[in-house]
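Peer 1: If you want the building blocks of each chain, they are given just below.
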Amino acid sequence: VNIFEHKQAAKNPFYRVTEITDETVDPEVWGKNFPLQFDDYKKTVDQVRTRFGGSEAVPHTPTNVDPRSVVAQSRLEEDPRLKTMWSGYAFSKDFREERGHAFMLMDQTYTERQVVSKQAGTCIHCHASVYVPYKKAGGGDLIKGFEHFNQMSYAEARPSFTHPVACIDCHDPKSMQLRVTRPGFLEGMKALMAGRGIKDYDVNKMATRQEMRSFVCGQCHVEYYFKGKEKRLVYPWVKGLNIDNIMAYYDEIKFKDWIHGETGAEVLKAQHPEFEMWNMGIHARSGVACADCHMPYKRVGALKISDHWVRSPLLNINAACQTCHKWPEAELKSRVEEIQQKTFEMRNIAMDALMELIAGIKSAKEAGATDDQLKLARDYQRRAQFYLDFVEAENSTGFHAPQEAARILAKSIDFTRKGQLALKIVKN
Amino acid sequence: VNIFEHKQAAKNPFYRVTEITDETVDPEVWGKNFPLQFDDYKKTVDQVRTRFGGSEAVPHTPTNVDPRSVVAQSRLEEDPRLKTMWSGYAFSKDFREERGHAFMLMDQTYTERQVVSKQAGTCIHCHASVYVPYKKAGGGDLIKGFEHFNQMSYAEARPSFTHPVACIDCHDPKSMQLRVTRPGFLEGMKALMAGRGIKDYDVNKMATRQEMRSFVCGQCHVEYYFKGKEKRLVYPWVKGLNIDNIMAYYDEIKFKDWIHGETGAEVLKAQHPEFEMWNMGIHARSGVACADCHMPYKRVGALKISDHWVRSPLLNINAACQTCHKWPEAELKSRVEEIQQKTFEMRNIAMDALMELIAGIKSAKEAGATDDQLKLARDYQRRAQFYLDFVEAENSTGFHAPQEAARILAKSIDFTRKGQLALKIVKN
Amino acid sequence: MTIVGGVGTGIGVYTFIYAKGASYLTNNPEACTNCHVMQSHYDAWLKSSHRSVATCNSCHTPHNFFGKYSTKALNGFHHSLAMTLGDFHEPIQISERNRAITESTCRSCHQDVVQMIDRGHPGGSDMSCIRCHSNVGHALGK
Ligand SMILES: [Ca+2]
Ligand SMILES: [Ca+2]
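Protein chains in written order, with my numbering: chain G, 1 to 428; chain Y, 429 to 856; chain X, 857 to 998.
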């Protein structure tokens with residue numbers, strides 16, 4: 001009978017049947033002590049679509065270069081305008097909807113982007129359990145190991161890693177407390193806090209528990225770039241976390257990801273800035289963490305555990321939202337979808353506008369306009385495109401910060417407008 | 429439905445010292461029975477600024493045409509771009525920040541807009557206690573009285589009205605229940621509901637109490653136009669309440685408010701669409717009414733009453749917000765102001781863009797472009813301007829529906845962009 | 857449905873006694889925390905504005921003798937059933953009937969305060985106290 005079990009379970013939440021150390025990478029070993037969390041962790045192989053998120057399981061015929069039999073749907077096929085935006089960059093060859101954590105290492109290894117351009121060892125930072133391999137390679141020093149792998153090619157680095165993100169990447173094996181293991185985040189937060197006047201900020205010592213419930217995700221779900229020849233992974237937060245700050249930073253250091261294939265503009269690729277966007281939204285402001293929605297508490301017997309099946313909250317609305325919002329599930333779902341639909345509408349307006357700007361610069365170039373004459377229009381393209389991509393690449397389709405996403409898109413459209421006007425002057 | 433409802437219906441909690449009838453206009457008489465509400469009602473003469481709302485008491489030297497010794501700050505002086513947007517229309521001569529209900533009749537009577545162009549009797553609908561005068565003029569028929577005054581000039585109509593909005597405009601004198609007395613709203617809601625498949629919708633019979641707590645405000649705080657020669661006041665809701673619906677309706681009936689003074693475009697003026705914007709926001713969706721925030725309950729002695737000092741909730745955060753949101757006052761204020769600041773930023777981007785479009789059309793016109801050549805650009809101006817004005821004229825600076833306000837501004841910027849491109853084609 | 861009814865009656869009695877069912881009939885809030893699923897409400901109630909003025913039953917049973925015990929009997933039955941089958945909605949949601957009871961208890965204690973604002977309306981008086989005061993008994997989640 002249930003109640004009997006409940007009472008039993010309540011007495012002893014953790015049975016440690018095996019010892020785990022700071023070198024235990026394999027989650028299956030951790031799973032002996034924490035079978036409930038491990039069971040859920042394994043479920044991230046599931047693929048279910050939501051209106052704008054989740055992912056679709058698309059069959060794939062295994063080949064030598066890419067042995068996957070199932071992938072996620074191609075975003076390039078869904079919206080071919082993306083190819084034009086990323087023209088000349090590996091993303092224009094292969095870009096898919098992201099799926100569960102179980103796939104991260106595999107999807108990185110076999111993306112066609114690896115084929116069309118040589119990727120850096122730095123990539124591995126966010127797609128594998130790196131803590132132990134980093135420490136080993138660095139002779140006990142995490143940062144040294146990080147630097148070691150950054151400078152390799154991806155192909156060289158890859159064999160040292162076995163697991164996707166694992167227990168050890170988020171947990172201290174002794175206390176099970178959360179911890180940040182990613183050099184990129186440790187250094188990014190240090191820079192951010194220094195800008196706010198806080199010296200030597202150390203996430204693992206100074207963050208509160210509730211902050212950590214977002215920081216462990218912010219290790220990877222952020223905008224980034226590779227700095228210099230050492231290809232050091234850097235989170236561009238020195239001036240602050242919002243897009244205007246990030247843009248200002250990239251301008252200051254004159255950073256570009258690539259030169260646009262059709263226009264010659266020096267452009268940027270934005271990548272999954274979930275942490276930054278969340279930070280601009282009302283939930284962050286109200287102290288609601290990533291884990292509150294993506295790893296909500298669930299009851300197993302008398303125990304309340306964090307659901308380690310990290311996924312779209314729309315697949316789990318009662319646990320993810322209803323503790324705070326007493327609206328029916330269907331209502332909550334449609335609140336999210338209405339926000340997303342509006343974001344999507346604006347994204348499409350901005351995307352159409354950008355296509356026109358790119359076509360305009362391209363044809364002016366073909367008609368013989370000089371670099372000098374195109375300078376301004378290209379600069380606006382850089383801006384329009386980065387702002388649009390910031391929302392496009394952010395995976396909540398606006399939900400994490402609805403007004404901010406809209407503001408960014410409004411600015412993107414305005415940059416495009418100014419770019420097109422700059423072209424007009426060229427032509428006259 | 430609720431088990432406690434029967435008991436309630438029987439309740440008549442009001443102690444009456446004097447009789448009030450369906451002809452008693454003077455709030456002072458009502459105030460004998462309801463002194464607490466009357467005391468607050470009188471406080472709407474107060475003028476206090478918030479960051480974006482409230483109003484500033486600006487001294488004014490009384491003249492023959494305008495005897496007011498205090499007015500609200502001029503919005504045209506704060507932002508001269510408004511004059512360009514409204515070029516050729518009375519609004520470009522005088523437009524002020526709105527202030528408390530006590531001033532509504534006076535401010536309408538003495539606005540310079542009355543001097544520069546002959547206003548219609550219809551205007552009175554929202555600036556005075558009209559219920560009794562309308563009924564009298566219509567021989568007991570409210571709608572007839574409404575039609576009677578609509579067709580007069582403002583100057584002819586004006587003497588029949590004495591009070592600003594009064595108790596009788598929102599309350600049934602017998603039960604003190606809320607009621608809608610404004611023909612514009614009664615007809616607007618009927619049209620809206622018909623569009624949703626509900627026939628013969630009667631606000632006063634079919635709306636719930638909570639709906640009425642917004643509907644009494646929706647009587648006046650809405651977008652409107654004067655239809656045909658009879659200058660009938662119409663709320664443009666047949667196709668729905670959002671701006672895309674309203675724009676489609678105005679296009680269908682080819683309505684224009686005036687011809688733009690600098691460009692010759694057939695343009696529209698948006699006016700205080702608080703009800704429509706609120707309707708697009710999360711609070712409306714959550715069942716939060718205008719009265720919840722603008723007339724929150726307050727305790728006087730042992731009694732709870734509705735605060736009839738209708739004003740900016742930012743002047744009263746404790747009662748207006750904190751029952752539902754347990755954040756400190758300063759935090760709530762800054763949440764609102766952050767939303768408003770972002771709206772204001774986008775509004776300014778859209779406004780600058782519009783100025784360029786207007787300048788562009790103007791100079792193309794001066795350079796000899798034909799009406800045919802300017803048609804498209806002018807049509808985009810019409811759209812860009814109406815969308816921008818919809819947010820500009822809405823008095824919460826985006827708060828009532830932050831994402832929707834941003835979406836509207838993004839579209840405004842895109843219309844401007846297309847207008848400027850249409851001009852480019854003219855020039856080439 | 858039928859299976860639930862049949863099994864429920866049998867096991868329900870057992871569960872009720874096992875889970876210290878008798879204490880359910882008292883006014884002591886700790887009676888409710890015999891079930892761990894009520895613990896978070898209890899914890900929140902301890903921090904609530906009503907901690908020293910109202911127990912669980914002040915808000916969750918009608919303010920008259922027969923209403924109180926018939927409500928408890930009905931709820932007690934649902935409770936042990938749900939507990940036994942373990943398949944109730946989480947987070948726990950108040951039923952329509954119990955919400956109405958709770959609303960009536962607010963009015964019963966606060967009649968004087970709300971007499972002026974609590975009235976009928978032709979289209980239906982959907983005046984709900986907990987729309988604004990959802991935190992008075994136990995603020996969860998926030
Ligand atoms: Ca996904
Ligand atoms: Ca004002």
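The hints are simulated quantities; they were obtained by calculation from the structure and are not laboratory data.
One should not assume that every hint holds.
[Unchecked claim] Capping the alpha-carbon separation at 30 Å, the derived lysine-lysine pairs in BS3-like fashion look like this:
hint	chain 1	residue 1	chain 2	residue 2
1	Y	852	G	304
2	Y	852	G	362
3	G	304	G	83
4	G	43	G	135
5	G	375	Y	852
6	X	903	Y	682
7	Y	657	G	424
8	G	424	Y	726
9	Y	761	Y	657
10	G	239	G	136
11	G	333	Y	754
12	Y	754	G	326
13	G	326	X	903
14	Y	803	G	239
15	Y	726	G	326
[Claimed, not checked] Counterexamples of contact, computed for chain X against chain Y with all Cβ distances above 12 Å:
hint	residue
16	897
17	932
18	945
19	970
By construction, the Cβ of each residue, glycine as well, lies at the ideal position given by its N, Cα and C atoms.
Peer 1: For which of the previously enumerated hints does the structure constitute a violation, in increasing order of number?
Peer 2: The structure conflicts with hints 1, 3, 6, 7, 8, 9, 10, 14 and 19, although it agrees with all the remaining ones.
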